[in-house]
Structure formats: structure tokens, C-alpha cells
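Chemist: The listed protein sequences correspond, in order, to chains A and B. Numbering follows this note's numbering, in which position 141 of the first sequence is assigned residue number 141; successive positions increment by one, without gaps. Numbering follows this note's numbering, in which position 85 of the second sequence is assigned residue number 85; successive positions increment by one, without gaps.
In short, the hints are calculated from the structure, not lab data. Ideal Cβ placement from N, Cα and C applies to all residues, glycine included.
Derived Cβ-Cβ restraints for the label pairs, each shown as a range:
| no. | chain 1 | residue 1 | chain 2 | residue 2 | range |
| --- | --- | --- | --- | --- | --- |
| 1 | B | PRO37 | A | ALA25 | 49 to 59 Å |
| 2 | A | ALA260 | B | PHE13 | 40 to 50 Å |
| 3 | B | PHE13 | A | VAL29 | 53 to 63 Å |
| 4 | A | PHE86 | B | PRO37 | 40 to 50 Å |
| 5 | B | SER57 | A | PRO193 | 33 to 43 Å |
| 6 | A | ASP131 | B | LEU90 | 48 to 58 Å |
| 7 | B | PRO37 | A | VAL17 | 47 to 57 Å |
| 8 | A | LEU116 | B | ASP125 | 50 to 60 Å |
| 9 | B | LEU280 | A | ARG189 | 42 to 52 Å |
| 10 | B | HIS276 | A | LEU116 | 58 to 68 Å |
| 11 | A | PRO209 | B | ASN171 | 53 to 63 Å |
| 12 | A | VAL82 | B | PRO37 | 50 to 60 Å |
| 13 | B | GLY136 | A | ARG189 | 19 to 29 Å |
| 14 | A | LEU132 | B | LEU90 | 39 to 49 Å |
A few chain B residues facing chain A, derived, Cβ under 7 Å:
| no. | residue |
| --- | --- |
| 15 | LEU52 |
| 16 | PRO72 |
| 17 | ALA73 |
| 18 | MET79 |
| 19 | PHE81 |
| 20 | SER83 |
| 21 | ALA85 |
| 22 | LEU98 |
| 23 | ALA99 |
| 24 | GLN102 |
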Amino acid sequence: MNKARSNLLNSFAAHAVLITYTLIALFPVFVILINSFKTRKAIFREPLSLPNADSFSLIGYETVLKQGDFFLYFQNSLIVTVVSLFLVLLFGAMAAFALSEYRFKGNTLMGLYLALGIMIPIRIGTVAILDLMVQTGLVNTLWALILVYTAQGLPLAVFILSEFMRQVSDDLKNAGRIDGLSEYTIFFRLVLPLVRPAMATVAVFNMIPIWNDLWFPLILAPAEETKTLTLGSQVFIGQFVTDWNAVLSALSLAILPVMALYVIFSRQLIRGITSGAVK
Amino acid sequence: MTALSLKNICKSFGAVSVLKNIDLTVEEGEFVVFVGPSGCGKSTLLRVIAGLEDATSGSIEIAGSLVNDIPPARRGIAMVFQSYALYPHLTVHDNMALALKQEKQPKTEIAERVDEASRILSLGDYLQRRPSELSGGQRQRVAIGRAIVREPKLFLFDEPLSNLDAALRMNTRIEIAKLHRTLKASMIYVTHDQTEAMTLASKIVVLRDGRVEQVGAPMELYNNPANRFVAGFLGSPAMNFFPAEMVGGRKGTVAGVRPEHLRISQTGRLAGTVVHVEKLGGDTNVLVDIGTEDNLTLRLFGQYDIEAEAKIALDFDDNHAFAFDQNGKRI
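The following block holds chain B by itself, in its conformation from the complex:
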């Protein structure tokens, strides 16, 4: 069954058009990640799905029923916010139970579901505490627990990890992935962090300026980007772009090669000067100036001693290179 289907969604605030003709389906059990730079409309799209914003036009179907005119609470969704948004005056237990109380669920049912959620998220020791007495990671777990107890048809995550520090972010990311496997629920996750997108998603939706640029599985997008924007957005360090002319390509087109596909070669087609070397232990990133607007990044696995200012020549296999036309479309 389809968990969510968007048809021709447009949203504008006054004269500013934020979402333009978005079509999208999310199958049951899928983990879909909306990713894009800030201001691309991904959060607005999530709010439209949640019912917190009205779409200017288009139709939204959740689990097969049209929900355009249904308030957020009755859409069968649950949402986890970036700032946790826990109710400060309620204990952890009551924070999770509130929505169920609003739905007038029987007391035993509420107790059961809250127990189950706190077991999954190991929140058992904190049930009687207030949000102000919890750490950031615990607060985010409560926020997730508040979503789980509702047993929604669709989970919505709005940049849930942005307020956590790096170590906690990785742990929570793994927990969310585990949660998705346990619950087998349909989830939509908004982020600007391409690592989160790549590691969590079963399907990534890349958005830019209110339009869908490409939809697909993470590796499909990585290996087969539809345009220069998607190619440059996914992958870290980002893909290198340079005029195709420099390597014997057609004039006016742009060539793209990922940093790990470049290699040092004495007879390389791209000659330049090393600008900076980042030694990360596991791998070494070398920034090379070849006279184009942006420096090239070369990613070497292992440890290398390369000095800045050294002359260097780079090469790559042609089957690893992408070509884009002037408008950024893949050729």
C-alpha cells in the first residue's frame, strides 16, 4: 500500500513560491529522506504533509485517503522536531501519553503503549522526570517516544539530529535506523546533512529551490546522478568539476570526477600545484589548484607525505567520470 502520495503540490507564501509541482509517493515501510540545501523547501514540504501548512494547490493522500482538509492530529502522523518541542510542564511519561489522552484511548492501552515505547528507547528510569532534567540526547529520545506511542501510519522527522553533538548524532542515527527496522513503519526524514541521508534512507529525494531534482536509492543517486547539483550535493568530499576541454572533452561541457576516483600519475592530464593537505589518518585529502575556479580534491586512502606547493599531475579512468552540459544536465 502507498503510505503517502503527493500530487502536484504547490505552496507559496504571498508572491514567493516555495514548492513547485511536487509529485512523490512513499511506499509502506519505506524510509524516505528529503535532503537539500537550506531554503530548498524540504521543511515546508514536511509541514504541508503534516498539515501544519496548507498546500496552495495539489492533493495529499496518506494511506490512501485524501487529507487536505483534515487537521494534523487526525492525519495518522507523528512528528519529531529539531528542537524536541517537549511540553515543559509535563513529565516524560505524560509527554508521551498526552496525544493518546487526547484521542481518548483507554487507560490500560495508554499505559501499555508508553511502557513499550520507553522499553524500546530505554527511557524507563526517566519517566517521572521533567524535560528540563534531561540531557539533549534523552530529550530527543522522549520526542521519538512521543511519536512511537501514537502508532502512526507515517513518521515525520524534521532534522532531529541537528541539535545533538557529533558523537551523540551518530548514536542516535543508528538508533533511528534500528527503530525503522523494528517498527517497519513508513518514515519521512528531513535533513541538510548528506551523511544522514545516505546512511538512513531507502529512498532519497533531493530538493532544490522547491523542486525535486532526483529521487532514488542512495547508491543509485551516488553512482548515477541526474544532474550536476545532485552529483555535487551527495558525497563528501564533494565531486570535482572542471571544464571538459581540459581532458579532451567537448567545449562548453563540464566533467565531474569524485575525489576518490582521482589518482596521482606522472603523465596525468590534470597538472597543478598542491594547495593544502588534510591528513585524517585513515585517508588523506589533497587540494590541488589546476587553474580552474575551484580547487580539485583528491582523496587518497592511507597516509601520504605530500608537501603544499608541490607540483603534481592527476588522472582518472574515463568510465568514472560524469559529463554535464551547460545547464548542469547529465549527458
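Extracted from the complex, chain A is given alone in its bound form:
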């Protein structure tokens, strides 16, 4: 920040608030991480102490990797999340482009209809969705989850993206039309790169709920070969006995991919809109 405009007290206060918030937000994650490296006894004796020579143990990770098909769960979660995100972004952006770019009868109505899903939680329709999946034979397939998550993510994606698409210069799209680019090329090559920050926002908003969801995997795809990570971790939580080492280790491992995806998208978030197109 510029020296002339900064004030020592203000910036100290701002940093104090932010650091406090960061500590509070990271504390549970920190506790999970340190305890995942401790013996069961040590977890209960001193949950807040760091693992030392006595209490250090990888038993949790061993259990997780041995018991159940952890890598398969991992893979399932990743496939469901990535494919759903891809479909949400693709169809959401296409719908948003059509709504913001073309004048047609019922344009506003269609926009409202597509945004309706923001207000109505998709879980209300669980029974109907299950029924539908049973009848189409999609139960216990990853497609069941992908389709549901895509439907769940689309309303917000359309809503956010159409706002951003409206801001993309008309001149640029028209220049493309005059140069003979097809509407698809205009959409993919000219418009999408300019709304990349908005796409990243939508991706981050959608990614975390999908990755962490327990509801739909439990109902639509509880079979061993389609279990997601969140569902798979539940085997360690029993009604009477809970294998805390395994639960904490599984949770620690589950954080990693979300973090990786978040880093990828947040870089896009931060990177400004490609300048130089207009003005």
C-alpha cells in the first residue's frame, strides 16, 4: 500500500483481525492433522499436543489405506467432482451466453426459470430423484451423482455467469461475427477467456459442497464400487466404536485434492481479466 495513504494503527488493526480469523478458521484443521499422526491413547490423553516420539504413529493412515478401497473412493470423488464441475461450467456458461447475448421471446422468463433452482434446495426432490434413478437404472453409478450435482450447480452458475457475460464488449463479439467466426468460436475463444474469473468463482462455489456431500452418495450410490470418499470414511464411525485414528487420517487425506483444486481456481480468480481487448 502507498505510504501516504496508510496508517500504522489501521494496518495493525486490520492485520490483527485477519490473523485472528485465520487462526480460528485453521484451528480445527490443525487439530485434525496433528491427531491423525498420533496413537489412539495420545489422541484422548492430550488432543492438543503435537505428536512426539512417544505418541507418533501412522496407524490411522495404515488402517485407511488397508481397510476398504480407499483409492477407489478417492477416485470416485474426484471423477464426480471434476466431471460435475466441467458440466456445470460448460452448460452454465452456454445458457448464460444465450440469455445475455440473444434477444428472443421469453428471454427474461427463461432466465428466471433457470435461476429458480437457487431458491429451492434440490434435496427436497430426493425421493423423486431416487425413483427416477431407479427407473433409468442409474442407481449405484457415478452418473447418478454427476447428473444430480450438475443440476444442483447450474442455477447459480447461470445466474452469476450471465451477469458477467453482459459486461463482455459487444464490439468484440460483433468483430468476430464480421470476421466470419461461428457463434461457438465467439463463445469459446472470445467470451469464455474474458469471464474466466467468474468461471473460477462458480467452480469454487460448487466444488466444495460436491466434494463434501454425504446425502446423495448415501442414497443414490452406496455400493462399494461407487462410494465417494466422504461416504467411505463413514465406515470408521460406528454406532459404538469409532476408529478415530482412521477417521482423522481419512479426513486429512480428503483435504488435499480440494486444496489442490482450490489453488488452481483461485489463481484464476486473482488473475485479472485479460486487458487490452477494449479501451
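Please build the complex by placing chain B on the supplied structure of chain A, with the hints as guidance.
Modeler: Structure of chain B alone, referenced to chain A:
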């Protein structure tokens, strides 16, 4: 040959009618400027010609063929936009080459045309740069280059100078005029700036509220405006209007005199008080309150010491005055 012919073009957005019965022809090699206040429909008309908007009714012919149902890319036109609209992900060279690649022109032909355009616009040093690495004036030259390489039957310019600063605007204006002389191409140019219209046009089309008010050569419009709107729109400072009664004219009519045709005269017919004096060095503009709604502007060539609040009387030669009826029509 006729480069463009518009017959009875109407355009409406829902209930709002933006263009009303526009008839217009542009001859080959002509530089036609559409001028008018904002919202007069000049940009919409350009978009209709380009094919970016469909006309509600009427026919559009470019170089003799009906293009109503032909997409913009195949109308034989090229367009330069106000905001440049360069493709941000392509280099200057690729920006210019894109349209030709889309037309599936042979590589040698593309290279030749891009070289030629970059020579005309002296863009040779920038060919490998991205638009974001160029200044405003350079970007506008690239946008013009992108139009030139297509060798269109008709160039369309949509307020291309509005985003440039004053000095650059004048330079680019001269470059566009030079370009028109070099290429001898038909061009249509939209602007709200009457200076650009006067200096560039071989033919000016003055538009207001979606109608053509008058068409003609710049000096013809300046010297012989068809109505009060055209008279007031062209010329800077704008023409003075006052009730004709004040100078012995017919009641209800309006007299119009250009600022440079007014002169100070002790026995002048228009007596008033000086409100403000603008000294520009080369000339001096004097605003005079003669009791009408708008102040009169008097343009004197050279430097004068006139104080505000001074009493002053103005006169003019009757053959320099215009008369307009109540509806603004010239009498």
C-alpha cells in the same frame, strides 16, 4: 457503380421505432458520414448495414446485390469499432489475418495483404505484440488494418476516434482521410462530432430521431441547411437563433445567423449585454445576452479586449441570415 443502396429501411426494438423509412445511396469511392446527436439511430443504421441487426423492413443492397439475408462475414464489408475490439489472445499479425484465414485464403495471399496493411499503417514493428501491449492509437491502427486486409467493398467506421485523446484524434483523422484517398474505397463513418463529419466527408447524412434530415456535401449543408436542426448542428460555435421580429422579420418565424457573420456595429439591430468573452488567441468568442432564451455568440477573428457586462450592439448582412418557420423548416 453503387456501393450501397438502402430502400425504406425501418428498424424497431419492440414498440420503439429507431429507424424510420431511411432511403440512401452511397456511390463507389464516396466517404459518407452519418452524423447526429446520440440516440438518433446512426449506430443502429450502421449495424443494420453490417448485418449485426436485422432491418424490420426495407432492402439493403451492397455493390448491387441484395444482402438482407446474408450474414455479416459474407457481405463484403469490414468494420472498425469505437472500442477497437481487438482479439486479446491474438498478436497484431493474427488479429489482421484472422478474417482471411476464415475465408480460407492461401497463406501467401494472407502474408501479402497483412504486409501491405502494416506498411500503410506503419505497424511493422508491432506485428508480434498482443493488443494489451499497444497504446490506444496503435490499437486503433490495428483495428483499421484488420479492416484493410479484407479488401472490402464497403468500410464501416463506428465512432473510431471517440476513445482517443484530442491530439491523437486529429492525427488519426488525417490518416483516415489519407487512407480514403489511397484506397479509393467506399466508406461509411458514424460520428457525433461535427468537426469529423465536416473534415472527412464527401457526403454528410444528418440524422435525427431515426430520420434523415438532410444529405449533401459538407459545404452545401453548411451554406444551405434544409432546416433549423441541420443549421444548428453543423458549425462550431453553433448558429444563433432569435425571433425574426427583432430584426423586422415576419412574426413567428426564426432568424438564424452564424457567429462569424455577426459584427459589432453602433447602430446594430441587436442590442445587448456581454455575458462572457472567450479569448482563444486566433479568434475571440463573445457571448451576448439580447433578452432571448439563448445567448448570441459572436465570433471575431483576432484578439479583442471586450469586458463582460459591456453594452454592445450587433448587426449582420441580410444575405447571410437564414429564416425558419415555426416547425424549423427553412423559408
